[in-house]
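Asks: Start from chain A and add chain B according to the hints.
2 protein chains.
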Amino acid sequence: MGGDYAPANVVSGACQALHEAGGRFRVVLFGPEDTLRATIRDQGALPDGHVPSPDQYSIVHAPEVIDMHDPATAALKTKRKSSISVGLHQHRDGLVDAFVSAGNTGAVLSAATLILGRLRGIGRPTIGALVPTPKAPCLLVDAGANVDCRPQHLLEFAIMGSIYVGAMRNIANPKVGLLSIGEEDSKGNEASLAALKLLRKSGLNFAGNVEGRDIMSGELDVVVCDGFVGNILLKFGESIPHFFKAKFQTFARSSPLSSAIALVAKNGLRRVMKEMDYQEHGGVPLLGVNGVVIIGHGKSSPKAIKNMIFRAEETIHKAVNRNIQEMLTQTDA
Amino acid sequence: MGGDYAPANVVSGACQALHEAGGRFRVVLFGPEDTLRATIRDQGALPDGHVPSPDQYSIVHAPEVIDMHDPATAALKTKRKSSISVGLHQHRDGLVDAFVSAGNTGAVLSAATLILGRLRGIGRPTIGALVPTPKAPCLLVDAGANVDCRPQHLLEFAIMGSIYVGAMRNIANPKVGLLSIGEEDSKGNEASLAALKLLRKSGLNFAGNVEGRDIMSGELDVVVCDGFVGNILLKFGESIPHFFKAKFQTFARSSPLSSAIALVAKNGLRRVMKEMDYQEHGGVPLLGVNGVVIIGHGKSSPKAIKNMIFRAEETIHKAVNRNIQEMLTQTDA
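Protein sequences appear in the order of chains A and B. Count along the first sequence starting at 1, add 112, and that's the number in our numbering. Count along the second sequence starting at 1, add 112, and that's the number in our numbering.
For reference, chain A alone in the conformation it holds in the complex:
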């Protein structure tokens, strides 16, 4: 049970998922047992609350809490009774089919990699991020899990991203671009230039080098980069609506007419801004581990948690891991 609004949002989201799924799956909640029981009971009093029947869920006591300030290794070393540690061990042992968390991303990443292990042929598991575009969202991978990537790692990210996006959106050959500083094959840094060559013979639907401006164009399904670049890019992108808002407020204060215009436009703008907040889209998969792990933003809403559970269900049904493994074998990656 992790995230800034745990257990409230996590429990609400899980209960909504159970309500909508109508018996397709059960949910196991990991966290402090008494708190979880009380939070489930309280659902009945919420506007959209649903109290699931006892056969729809179970609770596994995990009293320790890994917060955002704990080191990434906490689940493995100091807090082995945290929901991350207990839940991932149960997933490894086959007691649950997928693991969903809005907790400390670094802790989930390292615990999942070590407890579940990596898929055969994968050097580095990866976390992608969905970036909004005028068309379907684009998966930027790696979003920050891995820095100093070797060309082979970038190839792996491309393969995992392509298979995941293909499965989730039911498209045959997602278009994959390699993030660089120019479209020509001669543009890039050492790692990207070498990765370009690997990607050209990968069998993926590879668009070659793409630039920063192409990410949100809607022309690409997957954009591959080193996690150092990915993390910086995503945090930069997140900050732009804040800048825009500040500028808009300055504009609104500049004259009575501006103020009236701003008042009229406010709601429309808010709607547009919301779409730029890619955290709204719910969780993203941790790809490359031997299991199904969906990671959400610390501030995940109940709706985001619900969507993460459905995403986990879909990832299982679409056999994403088996497909990654097959593609790796085909490309000799």
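A hint or two may mislead.
One copy or two, it doesn't matter: identical chains are merged, so the pair holds either way.
When the alpha-carbon atoms are kept at most 25 Å apart in a straight line, the in silico SDA-like pairs for lysine to any residue are as follows [what the hints assert, rightly or not]:
no.	residue 1	residue 2
1	K347	E331
2	K309	D260
3	K247	A364
4	K299	V177
5	K347	L158
6	K347	G330
7	K347	S298
8	K193	V177
9	K378	R365
Honestly, the hints are just simulated from the structure, not real lab data. Note that this is a predicted model, so its numbers are computed, not measured.
Replies: Chain B only, in chain A's frame:
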């Protein structure tokens, strides 16, 4: 004479600068002589046009044109009679005190580095970019000139950026951040972690690691990164207003009320968006070469060209290069 709107915008900008400067400096125009003479003559017919007196300017014939598709080495190899090549040679020989161009950035960068040479102690000259913030713009350096940077190069970018921003804004100790994936000293990639150590003992007003979201916060005067990251970030940032515009148009079409709101808000929004276009701010310096070189966007307006000329004047008067050299000596860099 370079840029997408050369010679018209370049000549107009130069003539405006001469008009406003009132004899503080002379301008030398490099380009096809007949065309330049005709363009200057035509200024009289423009709404804001000023025809300078013959003693305010001179023309040096440079008939060849390096376009955006030419390789970066064109000025040195195939097109030695281009304005970039002729102008930089005149700058090297002391015939002009600064060189301003809206032409092919890569060509200016490589020609300037080879023709003018580097400042002593500088491994890699750099181009910064001014990113808008709610306060003063932030200089992001390197903006794309150098990929695969060593820690020492990042230190040099920080020193050059700090001195340039300090001189231009008359501030004593510009606040410098190192772009990374977390604020803690343990966060980063190999190059950034090593650069962090160099920067901690550099004597600069160093804020440590900063994240993508800090660039536009207004809390930093200079943000240092590898040019691979810088280029991708800037192009990504440039694309966001386009995305926003597309979303706003969808909103405007969604209902008659939305359409009315959009109509009312349009001009205000356009004003806010314009501020996000950092290309509007005019040119940026090529730092680290043995000379004063200001590079502008290919689409520079006459106003941008005028501001580039004034920026060159200021860079000379503030002795930016001498100060860089002194700082390098002090830090043993």
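Asks: Of all the hints given earlier, name the ones this structure violates by number, lowest first.
Replies: Number 5 - this is the single hint that the structure violates.
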